[in-house]
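Trainee: Take the sequences, apply the hints, and build the full model.
Residue strings, one per chain:
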Amino acid sequence: MSLEPVKQVTGRAVFIPGADIDTDRIIPARFMKCVTFDGLGEFAFYDVRFNPDTGEKTDHPLNDPRFSGASILLAGVNFGCGSSREHAPQSLRKYGFRGVIAESFAEIFYGNSTTLAMPCVMADVADITKLRDAVEADPALEVTIDVEALEVRASNGIRFAVRMPESAREALVSGRWDPIQELLDNNTAIAAKAAELYAI
Amino acid sequence: MGKSLFQKVWDSHRVGTLADGRTQLFIGTHLIHEVTSPQAFGMLRDLGLKVKYPQRTFATVDHIVPTVDQDAPQDPLAAEMMAALRKNADDFGITYFDLASGKQGIVHVVGPEQGITQPGTTIACGDSHTATHGAFGAIAFGIGTTQVRDVLATQTLALEALKVRRIEVNGDLRPGVYAKDVILHIIRLLGAKGGIGFAYEYAGDVFDRMSMEERMTVCNMSIEGGARCGYVNPDAKTVAYLHGRPYVDMTDFDATAARWLSFASDADAVYDDIVRIDAGEIEPTVTWGISPDHGIAISETIPDPAKAASAAEKATIEEALAYMKLPPGAPIKGVKVDVAFIGSCTNGRISDFREVAKFIVGHKVAPGVQAIVVPGSQIVAIQAEQEGLDKIFTAAGFEWRGAGCSMCLAMNPDKLVGDQLCASSSNRNFKGRQGSPTGRTVLMSPVMVAAAAVRGEIADAREVFQLRS
Ligand code: SF4
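If you read the protein sequences in the order shown, they are chains U and D.
Going letter by letter, the first sequence gives residues 677 to 876 in my numbering.
Going letter by letter, the second sequence gives residues 22 to 490 in my numbering.
No lab work stands behind these hints, which were simulated from the structure alone.
Computed from a predicted structure; not experimentally measured.
Every residue gets a Cβ at the ideal spot worked out from N, C-alpha and C, and that includes glycine.
Among the hints, a few may not be true.
Footprint (simulated), chain D over chain U, 3 or more residues, beta carbon under 8 Å [what the hints assert, rightly or not]: (1) 698-707; (2) 760-767.
Among chain U residues calculated to face chain D with C-beta under 8 Å, some are [claimed, not checked]: (3) 694; (4) 695; (5) 757; (6) 780; (7) 788; (8) 842; (9) 860.
Mentor: Here it is, written out as structure tokens:
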């Protein structure tokens, strides 16, 4: 299976405030009643985008027309914590996000996102704040997450280093972000383990 | 140099190293449920793949099952998800503990109950509370749906090794302090993201003395501390619990037990970190905010943003209190509750119900409080009914329900309404977790939930039930 290498992603950015944004917040559980991931995009951040009593749009950044069409998500610490639901990164991806820049990520969310070819990079809070201010001043700013060089660049000249585990970086830039083929290829070794440990 | 259980299990299950440097790890046991598996089967069909070892995957239905009339989901989406699981299990030859089996329940209750969960194995499930199974000395962790596909197709996963933090709790727990309080206390100390990158090894007197069910309560919430898995080393209790369970091979059980025990961490194992906690300082603990590390002892007051140590902490407290509608600086005791929920994969086991039943005889749920008790599995339900526990609960004004996830999350009819406040024995107090976007959750032990139900407000179970402290 040959996959498209993900060396960089570029787009306009939107900042979503708050620490510990959990996957229940990204996609509330009631929208997980589905047997496919199609159509999850419209429910991303639903409960904070719409007033629970009136159903009206809130002042959430995703409702702000200035940020419509943004495909890079900026966030704080421990983004994606909580439930392991892949529905969360799937809904972000289907909403149109192509990459996430945050101070830190929860692990399961991180792995799920990498497997969906949605790079998640970690940056210092000062850099995120600087980029957030710039994007808020000029929402048309083009932001690039350069996975290969591990840096973020914006069209106004902002540039800073970011971090990601080498295995995730390697998987993305070499087009191996979905490991299924490689896992299948080791069939003989798998059979040997199955026999050794589980007598199957 | 000795090895920890994590290292032993990891090393023994390593199939190879992938090009990106990750380990290809063999997954001994795979558990699936209706929410995170249908899309994985869809991917499998798209790729034209089969389930490699169907005998190593076990299915049950839990999240969407109604607890009033289990068999009759009114919701067409729920019915569709159940039908999908039935079909996938049939098409691929997977054992399915369905509603008619008498063995259905929350996946993390069913696995141990059936003896599917065993020491020295790797266990994966598309659910973050898979860490529960670590109570048996297994390396058990939650995975995403694409990874569910990987396990179905290859019985392996691409993973990076974790560091290991040993958390030792020594000394005696005070009366009225339960396993739930121990883990809430640990999460409070180490933070909701303190465990990122780690497996937690729970060790010391307190865990040695705990029953298997109490160990499950602790391991269950590892993920709430950021740790993808948590475990307790297997010992005589582990072996005794598993003896004779349906999926335990009883031919030459002694040899099996010896092999299980050999996975326990060596005395000279090396850890990446060690944390020591004195059991005597743990009090009945409740949450006040919107993250499981927002915990305080029942005797403490709700944090005051004015006294926060940093601007970030101040903002966190303000956000949490605005959502929870709680006054800063006031005692947590006395906060009015609308709903009391005893159940979930954290605290929906027979020992939880026996413990609560001991205290509520002669008490009544306060007027205006809806109190529900939800067994973690059909087997737990039957056992409790045989012991007459359901009668004790209903006499005290609790509703006795059928098995399922119920009010732990909002995927079945059990939901909070508006900004109701729920005293809950579950594991997550995130915004909107219990089904209403403004619903409020206060996590605590089942006995503390019972005390809150009886008083109609958050209360100290030691006072309500006259426990010696
Ligand atoms: S009881 Fe709650 S935490 Fe446990 S599996 Fe069900 S929904 Fe998840």
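Trainee: Next, verify each hint and record whether it holds.
Mentor: Evaluated hints:
no.	hint	result
1	698-707	holds (count 6)
2	760-767	holds (count 6)
3	694	7 Å, holds
4	695	6 Å, holds
5	757	6 Å, holds
6	780	7 Å, holds
7	788	4 Å, holds
8	842	6 Å, holds
9	860	6 Å, holds
Against the hints set out earlier in the document, no violation occurs for any number.
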